[in-house]
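The primary structure of each chain is shown beneath.
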Amino acid sequence: MSLLELKNVSKIYGELKALDSVNIHVDQGEWVAIMGPSGSGKSTMMNIIGCMDKPTSGEVLLDGVDISKESSKRLTDIRRDKIGLIFQQFHMVNYLTAVENVMVSQYYHSMPDEREALEALGRVGLRERARHLPSQLSGGEQQRVCVARALINHPELILADEPTGNLDEANENIVLDLFAQLHREGTTLIVVTHDPEVAEAAQRTIVLEHGRVAREVVNENFGKN
Amino acid sequence: MTKRRMFLRMITASLLRRRSRMLIALLSIGIGATILAGLVTIYVDVPRQMGAQFRSYGANMLILPQNGAVLNGDTLQQALSAIPAEELVGAAPYRYVRLDMTTRQQSFTAAGTDFSQIVKTSPYFSVEGRYPENTREVLVGKEIADTIGAKVGSTMELTYQPAAAAQNATPEESREPGALLSGSAEGWSGGVVYVSAQLDENARIASVTIDALTQTPEFGGRAADDEAFAAQFVGKALPLALGEDVDALSGATVTSSAVVAALNSAVKAAAPAQPRTVNFTVTGILTTGGEEEGYVFLSLADMAAMTGQDQMDVAELSVSAGAEQLEAYVNAIQEGNESVQARLVKRVTRSEASVLSKLQALVFLVTAVVLLLTMICVSTTMMAVVSERRREIGLRKALGASDGSIRAEFLGEGLFLGALGGVMGAVLGFVFAQVVSVNVFSSSITFQPLLLPIAVIVSMAVAALSCLLPIKRAVAIDPALVLKGE
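As they're listed, the protein sequences go chains A and B. Take the first sequence: its letters are residues 1 to 225, numbered as in the working numbering. Take the second sequence: its letters are residues 226 to 711, numbered as in the working numbering.
Don't take each hint at face value.
What the hints assert, rightly or not - Some chain A residues judged to face chain B by a derived CB distance under 8 Å, without partners named:
| hint | residue |
| --- | --- |
| 1 | 52 |
| 2 | 76 |
| 3 | 93 |
| 4 | 95 |
| 5 | 103 |
| 6 | 104 |
Claimed, not checked - List of simulated lysine-lysine pairs, DSSO-like, C-alpha gap at most 30 Å:
| hint | chain 1 | residue 1 | chain 2 | residue 2 |
| --- | --- | --- | --- | --- |
| 7 | B | 571 | B | 583 |
| 8 | B | 571 | B | 367 |
| 9 | A | 69 | B | 697 |
| 10 | B | 228 | B | 697 |
| 11 | B | 228 | A | 73 |
| 12 | B | 697 | A | 73 |
| 13 | A | 7 | A | 69 |
| 14 | A | 69 | A | 54 |
| 15 | A | 54 | B | 697 |
| 16 | B | 367 | B | 345 |
| 17 | A | 7 | A | 73 |
| 18 | A | 17 | A | 7 |
What the hints assert, rightly or not - Which bits of chain B does chain A cover? Going by a derived footprint, with three or more residues having C-beta under 8 Å, they are:
| hint | segment |
| --- | --- |
| 19 | 231-238 |
| 20 | 625-638 |
| 21 | 694-707 |
Derived from the structure by calculation, the hints contain no laboratory data. Only a predicted model underlies this, so the values are computations on that prediction, with no experimental measurement involved. By construction, the Cβ of each residue, glycine as well, lies at the ideal position given by its N, Cα and C atoms.
Chain A with its partners taken away, still in its complex shape (with noise of 0.2 Å):
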């Protein structure tokens, strides 16, 4: 069954075609890789996925409902329940510390439950390091309180822009085994990058092109090593 379906996706600004008649589709509980250079489409393909953005034509359908005509503000509310965001940049609120920014991400979903937000940093390993604040952490810290803070919510879909683009390999390992680890607990995973070794961490790839999708990639290896 998909989760998510892009139909004759195309996002055009003035001359410019972002994105041009894409068709992807993505199965439930399947981790896939979006590859391709700077410039073919991959962040705008992320915001109309991630639903911070609404494509020029198309269908977009996320769990079977059709996101691309909605008000940004029901866009707001889908995002919040249905996808959690990993970014390059870590992007933690400065001035709360580890557990504080997790909780941030239940205040706006339900309600801030302390105990479920440390058991999410336990997750990652980082118990420890709950009361530090952003600048007490390293990178690899910092991003493994994001993705606690993704999937603290249990969304249907995890959404990673770059994820280990500014980590070290150690860290980009950690990162990946908690991926793997979300992938056999059944969450879906998108995840952008044009890291190859990243990308062949998925079971499959779909490579991005001037705005086109030029070939998509099965990973014959997945779970095999």
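Using the hints provided, position chain B relative to the given structure of chain A.
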């Protein structure tokens, strides 16, 4: 944890952990609130402060007799009862009479007054020497002093020339119930003793006033002040016999018999035709820069003794109250009192009111400007805060924050700052007002408890208003910006 607690935690964390920026905003609100609270305190207190200051420019209310009634100490006190004692700075009586200085063939306007009150109602009076304190002492206006060459310590002889007796009734005919009789007789060494007697409804003596200014002060002169001597006459019918109806004042038999003789020959409303001359000592020279320099001032008691009339033409009041309150007192005095008339000295009350309203307008204007500046400063700071926190705001929106929650968070921070600044301002403002008050008005002020809530509410309102534009900016931030590798 509830949403509200998380909300408060986020706001306080934002304020506490991002100190420098918030400190500027807090400082500007605090300073604004300080000046606001200070000015409001002064604004409220100025009428009181200035009222006291204004009182040094002279009387602002007059009380005059009307409908042919006599204004004297008793009727004046009755009228003054309408004014609270703490607001009545002073009430100086004046009785104006022409007195002659026969030795120089000149005559002056003499004012009988109460010097202890003049000090209060006319603090600008400048006296070389001192104010008269005893009987037969005068204060001479500069102009007169220059004319007659009077100096402190010199003497001057003043004569009261009464109007001729208007009635020719005999003493017997005059003794009607309620009549006021006056008479005179020669006492010790040719000096004349004057008496007046008020008869009651049975034509018996109700009260007696004795003027023995011409008699030796230590002997016959005492007849004027000896209460026991005067009391003997009360309730008796005229004519009287010394030694039978009344006893003589010891050591003053001649004067005593003169008093009795004067009473026996007293006639109704008839002033003695003989002039009265009294020798006064000059105790001070008065400089005012006004018409008072052309007057001679003596005590009201001496004036009453010379003229045989215990009354005043006018009482000048200095009342520490605003124009409206003064108007209310005037009405209160008029009401149920036909015999006196109260009037405001418009020149004084009007200029007081106009200076006050100008001063209050100025304070109001400064307050408005300060509030505006505070608003601009807070708004600018919050604007900077918003652009500084663009990424954070974008992140919050990406995490699912609605426009409403972004608004609530920034407004919450603003209101929190406003409340904090307001409390700070109320306290510092009072100190500020106190310093201004002590330095400018030389008096301290009392803390207005209402100031605290006012300062807090106004500061919160100003902070909230200042946040409107920055919040608009914050809400407009695109959550997608967090995805771009900025």
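Structure-based check of each hint:
The beta carbon of residue 52 of chain A comes within 4 Å of a beta carbon in chain B, closer than 8 Å, and the hint placing it at the interface holds. Hint on residue 76 of chain A holds. Least Cβ distance to chain B is approximately 6 Å, under the 8 Å limit. Here the hint on residue 93 of chain A is kept, as its CB sits about 5 Å from the closest CB of chain B, short of 8 Å. Of the supplied interface hints, the one on residue 95 of chain A holds, with its beta-carbon coming within about 4 Å of a beta-carbon of chain B, less than 8 Å.
For residue 103 of chain A, the interface hint holds, the least distance from its beta-carbon to any beta-carbon of chain B being 6 Å, beneath 8 Å. Interface hint at residue 104 of chain A: satisfied, since its Cβ lies 6 Å from the closest Cβ of chain B, which is below the 8 Å cut-off. The hinted pair formed by residue 571 of chain B and residue 583 of chain B meets the criterion: a straight-line CA distance of about 18 Å does not exceed 30 Å. Our distance criterion of 30 Å between C-alpha atoms is met by residue 571 of chain B and residue 367 of chain B, whose separation comes to about 27 Å.
As the CA atoms of residue 69 of chain A and residue 697 of chain B are separated by approximately 25 Å, the hinted pair is consistent with the 30 Å bound. Annotation: proposed proximity of residue 228 of chain B to residue 697 of chain B holds, straight-line Cα distance about 23 Å (limit 30 Å). A C-alpha spacing of about 20 Å is found between residue 228 of chain B and residue 73 of chain A, which places the hinted pair at or below 30 Å, so the restraint holds. This hinted pair checks out: residue 697 of chain B and residue 73 of chain A have alpha carbons roughly 16 Å apart, not beyond 30 Å.
Restraint check for residue 7 of chain A and residue 69 of chain A: satisfied, since their Cα atoms lie roughly 13 Å apart, inside the 30 Å limit. A distance of roughly 7 Å separates the Cα atoms of residue 69 of chain A and residue 54 of chain A; the hinted pair therefore holds under the 30 Å criterion. A hinted pair counts as satisfied when its Cα atoms are at most 30 Å apart, and residue 54 of chain A with residue 697 of chain B qualifies at roughly 22 Å. Proposed proximity of residue 367 of chain B and residue 345 of chain B is supported: the alpha carbons are some 20 Å apart, at most 30 Å.
Between the alpha carbons of residue 7 of chain A and residue 73 of chain A the distance comes to roughly 23 Å, so the proposed pair stays at or under 30 Å and holds. Restraint check for residue 17 of chain A and residue 7 of chain A: the C-alpha separation of about 16 Å stays at or below 30 Å, so the hint holds. Residue count for the segment 231-238 of chain B with a Cβ under 8 Å from a Cβ of chain A: 5. That meets the three needed, and the coverage hint holds. Requiring three or more residues with a Cβ within less than 8 Å of a Cβ of chain A, the coverage given for the segment 625-638 of chain B holds, as 5 such residues are present.
Evaluation of the coverage hint for the segment 694-707 of chain B: fulfilled, as 4 residues show C-beta separations to chain A shorter than 8 Å, against a requirement of three.
When each numbered hint is compared with the structure, no violation occurs for any of them.
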